[in-house]
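Participant: Please construct the entire structure, taking both the sequences and the accompanying hints into account.
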Amino acid sequence: MIELDQSIVRQEEATAKEVELESVIDVKDLSFYYGQTQALYNIDMKIYKNRVTSIIGPSGCGKSTMLRCFNRMNDLIEGTRVEGQILLNEKNIYEKDIDPVRLRRHIGMVFQQPNPFPKSIFDNVAYGPRMFGTHNREKLQEISEISLKKAALWNEVKDRLHKSALSLSGGQQQRLCIARAIAVEPEVILMDEPASALDPIATTFIEDLIDELKKNYTVVIVTHNMQQAGRVGDYTAFFLNGYMEEFDTTEKLFLNPASKKTADYISGRFG
Amino acid sequence: MSEMQLTMNESKGTVLSSSEAKDNIKKEKVKGIIFQIMCVIAALFGIVSLGALLMYVIYEAAGWLDWQFISSSPSRFAEKAGVLPPLVGSSFVIALVALFSLPLGVGSAIYLEEYSKQSYLRRFIEINIANLAGVPSIVYGLLGLGLFVSTFNLPHGIVLVGAFTLTLRVLPIVIVSSQEAIKAVPDLQRHASLGLGATRWQMIRTVVLPEAMPGVLTGTIIALANAMGETAPLIMIGAATTMFTPPHGIMSSFSALPLQIYAWSDFPQSEFQHGVTPAAIVVLLVIILSLNGIAIYARNKFYQRNRQK
Chain X
1 MIELDQSIVR QEEATAKEVE LESVIDVKDL SFYYGQTQAL YNIDMKIYKN RVTSIIGPSG
61 CGKSTMLRCF NRMNDLIEGT RVEGQILLNE KNIYEKDIDP VRLRRHIGMV FQQPNPFPKS
121 IFDNVAYGPR MFGTHNREKL QEISEISLKK AALWNEVKDR LHKSALSLSG GQQQRLCIAR
181 AIAVEPEVIL MDEPASALDP IATTFIEDLI DELKKNYTVV IVTHNMQQAG RVGDYTAFFL
241 NGYMEEFDTT EKLFLNPASK KTADYISGRF G
Chain P
1 MSEMQLTMNE SKGTVLSSSE AKDNIKKEKV KGIIFQIMCV IAALFGIVSL GALLMYVIYE
61 AAGWLDWQFI SSSPSRFAEK AGVLPPLVGS SFVIALVALF SLPLGVGSAI YLEEYSKQSY
121 LRRFIEINIA NLAGVPSIVY GLLGLGLFVS TFNLPHGIVL VGAFTLTLRV LPIVIVSSQE
181 AIKAVPDLQR HASLGLGATR WQMIRTVVLP EAMPGVLTGT IIALANAMGE TAPLIMIGAA
241 TTMFTPPHGI MSSFSALPLQ IYAWSDFPQS EFQHGVTPAA IVVLLVIILS LNGIAIYARN
301 KFYQRNRQK
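Protein chains in written order, with the working numbering: chain X, 1 to 271; chain P, 1 to 309.
FYI, nobody ran anything at the bench for these hints, they're computed from the structure. Quick caveat: nothing in here was measured; it's all calculated off a predicted structure. Glycine is no exception: its CB is placed at the ideal position from the N, C-alpha and C atoms. Take the hints with a grain of salt, since some may be wrong.
Listed next, the in silico BS3-like pairs over lysine-lysine satisfying Cα-Cα at most 27 Å (straight line) [said to hold, decoys possible]: (1) Lys119(X) to Lys80(P); (2) Lys117(P) to Lys96(X); (3) Lys28(X) to Lys158(X); (4) Lys119(X) to Lys158(X).
Some but not every residue of chain P turned toward chain X, in silico, with C-beta under 7 Å [stated by the list, open to error]: (5) Pro155; (6) Val185; (7) Leu188; (8) Ala192; (9) Gly195; (10) Gly197; (11) Thr199; (12) Gln202.
Distance ranges between label pairs, derived from CB positions [to be verified]: (13) Ser265(P) to Leu76(X): 27 to 35 Å; (14) Asp199(X) to Ser91(P): 49 to 57 Å; (15) Leu188(P) to Gln36(X): 25 to 33 Å; (16) Asp211(X) to Asp187(P): 27 to 35 Å; (17) His156(P) to Gly35(X): 49 to 57 Å; (18) Ser18(P) to Tyr34(X): 54 to 62 Å; (19) Pro200(X) to Ser18(P): 44 to 52 Å; (20) Pro200(X) to Leu188(P): 37 to 45 Å; (21) Val286(P) to Pro200(X): 55 to 63 Å; (22) Gln36(X) to Gly293(P): 50 to 58 Å.
Facilitator: Laid out in structure tokens, this is it:
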């Protein structure tokens with residue numbers, strides 16, 4: 001067993017507390033297919049409210065696919081098929097009467113590559129609320145300010161809200177994307193390797209931000225960086241070849257993994 | 001490392017001596033320079049030809065191109081001849097072509113790129129549109145005659161029929177260049193928009209179209225500039241070679257610059273051959289080159305604006 005520095009692992013309360021935690025998303029026996037190829041096999045997991053859940057695993061294990069199942073972004077790819085259920089607040093999001101557009105207003109997403117629109121910083125953050133019908137100038141300005149503050153970007157951009165978003169640095173652009181996602185007040189924020197395109201300092205910023213965000217939102221983050229999962233996640237899921245090998249509190253998964261494959265991955269024997 | 005060692009190291013499997021290797025490199029370099037010169041000549045060829053044409057035409061037109069020329073009507077007398085009616089006719093028709101072809105062309109491109117799924121039908125449509133862009137324009141003239149004049153019973157030689165016919169001519173080009181502009185918008189932008197809970201149409205309207213617009217407009221303006229010089233289709237649908245008054249409505253008869261130029265080039269008097277006709281050609285060229293210039297300028301400006309404010 002590798003020696004993990006206790007300080008980099010989230011100090012979590014005793015596992016018994018799990019029982020008290022509210023689960024926002026419940027994945028039940030989920031299988032996912034790209035055409036004929038199966039990418040996910042019978043996944044069962046819970047995402048707990050106001051906690052950060054990390055999904056780790058080697059390349060191609062299905063973690064990004066899993067993430068995109070939560071907000072039905074996989075629907076955009078032709079030929080995909082889902083079996084099983086994903087319950088958001090007890091309602092299956094893959095039911096016929098669920099509109100993915102409305103779903104995505106509850107579950108937001110931040111992508112690996114920062115992708116602000118080639119518009120002004122203000123127009124980026126106000127984009128979501130505008131799509132929903134908010135056109136009142138003061139309201140939009142208020143929402144933008146709040147969101148930019150929550151994303152720890154306000155002080156850096158408050159004097160140049162009407163400059164192009166593309167004039168920001170990579171780390172700032174990513175925080176802008178987070179502010180943009182927050183502006184629609186989602187319940188859950190999905191993050192697909194949000195810091196992998198950023199330098200180490202910007203990465204630390206983002207990780208601290210995620211820590212703050214979980215006070216108001218639930219976060220699910222996919223990362224290929226194990227140390228990051230250890231730093232940031234309250235819960236960690238280890239995916240391998242489309243199966244969820246293990247899911248537990250980060251402390252338990254890293255210090256005392258139940259599965260040998262998990263232990264091998266964490267100790268760097270593969271992946 | 002000495003030359004000798006260098007050659008021996010790099011020619012482990014070959015039998016070149018050091019002087020043969022040096023010669024070889026020299027020969028290749030010379031071939032490279034010759035090739036480069038040939039490429040430069042090829043590039044200059046086009047520019048020099050165009051320059052020579054422009055210079056010849058402008059030289060001949062000097063003295064004939066003045067305000068009176070632009071504001072008068074054609075006449076048997078060279079000094080009185082003017083280009084106003086065909087100028088208005090061409091401009092009017094092209095403006096209508098722009099009005100018709102933009103929504104139709106961009107709409108088709110949006111449908112093909114954003115709404116339709118990959119299928120044999122879609123592939124079939126795309127191939128046909130690409131082929132249509134290469135059909136000779138006289139065929140469009142025949143189509144216009146058969147469809148608008150014979151079948152729809154519109155009068156021939158009127159502005160509306162000219163505009164419809166040229167719209168058909170220009171449409172495939174507008175569709176293809178709009179498609180390219182839309183394809184160039186990165187998927188990451190689309191996903192960002194949809195991920196925030198936008199509907200498909202909202203995404204197209206607020207993200208795809210604004211980013212694609214410069215490319216769409218550039219392609220369209222260039223196509224319109226070309227259409228300005230179209231002669232055969234307009235002859236087929238019955239446009240006049242010479243009109244003495246400019247068209248006053250979409251149902252008026254009209255004439256167009258290329259047609260008038262063609263008519264004047266038949267007049268034997270040297271004032272027409274070496275004065276009036278070149279002057280009219282200059283007018284046409286100025287319009288076409290300005291349109292192209294606007295398209296390129298606008299595209300550059302948008303490109304800069306989108307990349308860094």
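Participant: Give a verdict on every hint.
Facilitator: Status of the hints after comparison with the structure:
Note on Lys119(X) and Lys80(P): the hinted pairing is violated, with a Cα-Cα distance of about 55 Å set against a maximum of 27 Å. At roughly 21 Å between alpha-carbon atoms, Lys117(P) and Lys96(X) fall within 27 Å of each other, so this suggested pair holds. Taking the CA atoms of Lys28(X) and Lys158(X), the gap is near 44 Å; set against the 27 Å cutoff, the hint is violated. For the hint linking Lys119(X) to Lys158(X), the alpha-carbon distance of about 16 Å falls within 27 Å, and the restraint holds.
Checking Pro155(P) against chain X by beta carbon gives a least distance of about 48 Å; that is not within 7 Å, so the hint is violated. Annotation: Val185(P) was flagged as interfacial toward chain X, and the flag is violated, the nearest CB pair being 10 Å apart, outside 7 Å. With its C-beta approaching chain X no nearer than about 4 Å, Leu188(P) sits inside the 7 Å limit, and its interface hint holds. For Ala192(P), the suggested interface contact is upheld, since its CB lies about 5 Å from the closest CB of chain X, less than 7 Å.
The interface hint given for Gly195(P) is met, as the beta carbon of that residue sits about 4 Å from the closest beta carbon of chain X, less than 7 Å. Interface hint at Gly197(P): satisfied, since its Cβ lies 4 Å from the closest Cβ of chain X, which is below the 7 Å cut-off. Against a cut-off of 7 Å between C-beta atoms, the interface hint on Thr199(P) holds, since the closest Cβ of chain X lies about 5 Å away. Interface restraint check for Gln202(P): the shortest CB-CB distance to chain X comes to about 5 Å, inside 7 Å, so the restraint holds.
Checked against the given bound of 27 to 35 Å, the beta carbons of Ser265(P) and Leu76(X), roughly 58 Å apart, lie outside it. For the hinted restraint 49 to 57 Å between Asp199(X) and Ser91(P), the CB-CB distance of approximately 56 Å keeps it satisfied. Between Leu188(P) and Gln36(X) the C-beta distance comes to about 27 Å, which sits within the given range of 25 to 33 Å. Roughly 31 Å separates the CB atoms of Asp211(X) and Asp187(P), a value that falls within the hinted 27 to 35 Å.
Checking the proposed 49 to 57 Å range against His156(P) and Gly35(X) shows it holds: the Cβ atoms sit about 55 Å from each other. Separated by about 58 Å at the C-beta atoms, Ser18(P) and Tyr34(X) satisfy the suggested range of 54 to 62 Å. Hint check: Pro200(X) to Ser18(P), Cβ distance near 50 Å, so the stated range 44 to 52 Å holds. Range check, Pro200(X) to Leu188(P): Cβ separation about 23 Å, and the 37 to 45 Å hint is violated.
Take Val286(P) and Pro200(X): their Cβ atoms lie about 58 Å apart, and the range 55 to 63 Å holds. Checking the proposed 50 to 58 Å range against Gln36(X) and Gly293(P) shows it holds: the Cβ atoms sit about 53 Å from each other.
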